[in-house]
Amino acid sequence: MNSRDRAGRRWTDPAEALAQQVTERVVDLVVGALDVNELVARVDVNAIISRVDIDAVLRKIDLNELLGQVDVNELAQRIDVAGLVEKADLGAIIAQSSGGMAREAVDAVRYRTAGLDQVIDRWVRVLLRRKDPAPPPLLAVQAGP
Amino acid sequence: MTAQPALRYQGHYAGAVSRLASFVIDIVVSAGIFCVALAAISYGAQVITGNLVSWNHTTGVVAGLFAAWELAYFGFSWATNGRTPGMAVFGIRVVRTDGAVLEPRRATIRALVFPFSFLFCGLGFLGILVQREHRALHDLAAGSAVIYAWTARAPGLGREA
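Line by line, the protein sequences give chains V and Z.
Oh and the first sequence: position 42 is 42 in the working numbering, straight run, nothing missing.
Oh and the second sequence: position 139 is 284 in the working numbering, straight run, nothing missing.
If you are wondering where the hints come from, they were derived from the structure by calculation, not from laboratory data.
C-beta: ideal position from N, C-alpha, C; glycine also.
Each hint should be verified, as a subset may be incorrect.
Across the chosen pairs, the derived CB separations fall in these ranges [unchecked claim]: (1) F263/Z - V126/V: 49 to 59 Å; (2) V119/V - V169/Z: 34 to 44 Å; (3) Y188/Z - P136/V: 13 to 23 Å; (4) V126/V - P230/Z: 28 to 38 Å; (5) P133/V - Y188/Z: 50 to 60 Å; (6) G83/V - V173/Z: 27 to 37 Å; (7) F221/Z - D89/V: 33 to 43 Å.
Some chain V residues flagged as far from chain Z (calculated, every beta-carbon gap over 12 Å) [as the list claims (entries may be wrong)]: (8) A7; (9) I48; (10) V85; (11) R110; (12) R112; (13) R130; (14) P137.
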């Protein structure tokens, strides 16, 4: 650095420091004078969101790359399985599931036996050469208890 | 299984297979309860008296007790629910011939006549096969009929009858 530069720096450095102090002071004054809550309240978030093309944003995201960066094993280790099981009331879930299965099994048995009843009824009707139609159902029972 | 075929059977007269299967279940259940009751009585008597109590099956006492128990089992079930546990499994129910709920009086008559259907190689049950409304001798005597009374549990079809 030559003498001319040194003389220049002697003037510019204080000027820069002064400018920085002035700027910081002005910023402080402006920020202090602003009511940020009021500003935020004036912002129409819905209008902003409606302008955003979320589909386009999602298309740009490479999910495979994102998922590749996730350490699934570490995540799995963090899960409190025992706590989840405790909260899930597994007993009720199993009872509900097995109850549904039992009901379906009973329905299947009923359906099959009723089908066999029909088969035997048809055979008897053929053997007896019965041509009159089967009697109508007792509809009163369907509406009853 | 869809709900439509199950609804197709609703209210129709139950056939021989459903009725026989429910009867087999009822006999197994009622005989099981009877045996357990006899064993419990024997055990209780043994605890109280200190002597070994056993039932002599050669005398008519056990047979009479069993007959009375079966009468009570079937009669009570038909009178209170219109069906026995076996009939509940197969979704069938005893009703009056007009479809109304069977009264206790008719249920008692049905239970009393029921053993007579077994006479002459089960001749009284022949009606289940050949009669239009599948009514056996005890049904004819009590003015009852047995019908399908279940719906498949599909959404919107209501609960089991």
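(request) Against chain Z, does I48/V hold up as non-interface, every C-beta pair farther apart than 12 Å? (result) holds (44 Å)
(request) Verify that the Cβ of R110/V lies farther than 12 Å from every Cβ atom of chain Z, and report whether the claim holds or is violated. (result) violated (5 Å)
(request) Given the hint of 27 to 37 Å, check if G83/V and V173/Z actually sit that far apart at their C-beta atoms. (result) Taking Cβ atoms as reference, G83/V and V173/Z lie about 46 Å apart, which means the hint is violated.
(request) Taking the shortest Cβ-to-Cβ distance between A7/V and chain Z, state whether it exceeds 12 Å. (result) holds (93 Å)
(request) Indicate whether the distance between the beta carbons of V119/V and V169/Z respects the range 34 to 44 Å. (result) The hinted range 34 to 44 Å is violated for V119/V and V169/Z, with Cβ atoms some 19 Å apart.
(request) For V126/V and P230/Z, compare the CB-CB distance with the range 28 to 38 Å and indicate the outcome. (result) holds (34 Å)
(request) Can you let me know if the beta-carbon spacing of F221/Z and D89/V is within 33 to 43 Å? (result) holds (38 Å)
(request) Check the following: the C-beta atoms of P133/V and Y188/Z are separated by a distance inside 50 to 60 Å. (result) Since the Cβ atoms of P133/V and Y188/Z sit about 57 Å apart, the hinted range of 50 to 60 Å holds.
(message) Minimum C-beta separation from P137/V to chain Z exceeding 12 Å: can you confirm that?
(response) violated (3 Å)
(message) If I take the minimum Cβ distance from V85/V to any residue of chain Z, is it greater than 12 Å?
(response) holds (29 Å)
(request) Please confirm whether R112/V is truly not at the interface, meaning its C-beta sits more than 12 Å away from all C-beta atoms of chain Z. (result) Check fails; 9 Å does not lie beyond 12 Å.
(request) Look at the Cβ atoms of F263/Z and V126/V and judge whether their distance stays inside 49 to 59 Å. (result) violated (28 Å)
The structure does not agree with the numbered hints 1, 2, 3, 6, 11, 12, 13, 14 stated previously, though it agrees with the rest.
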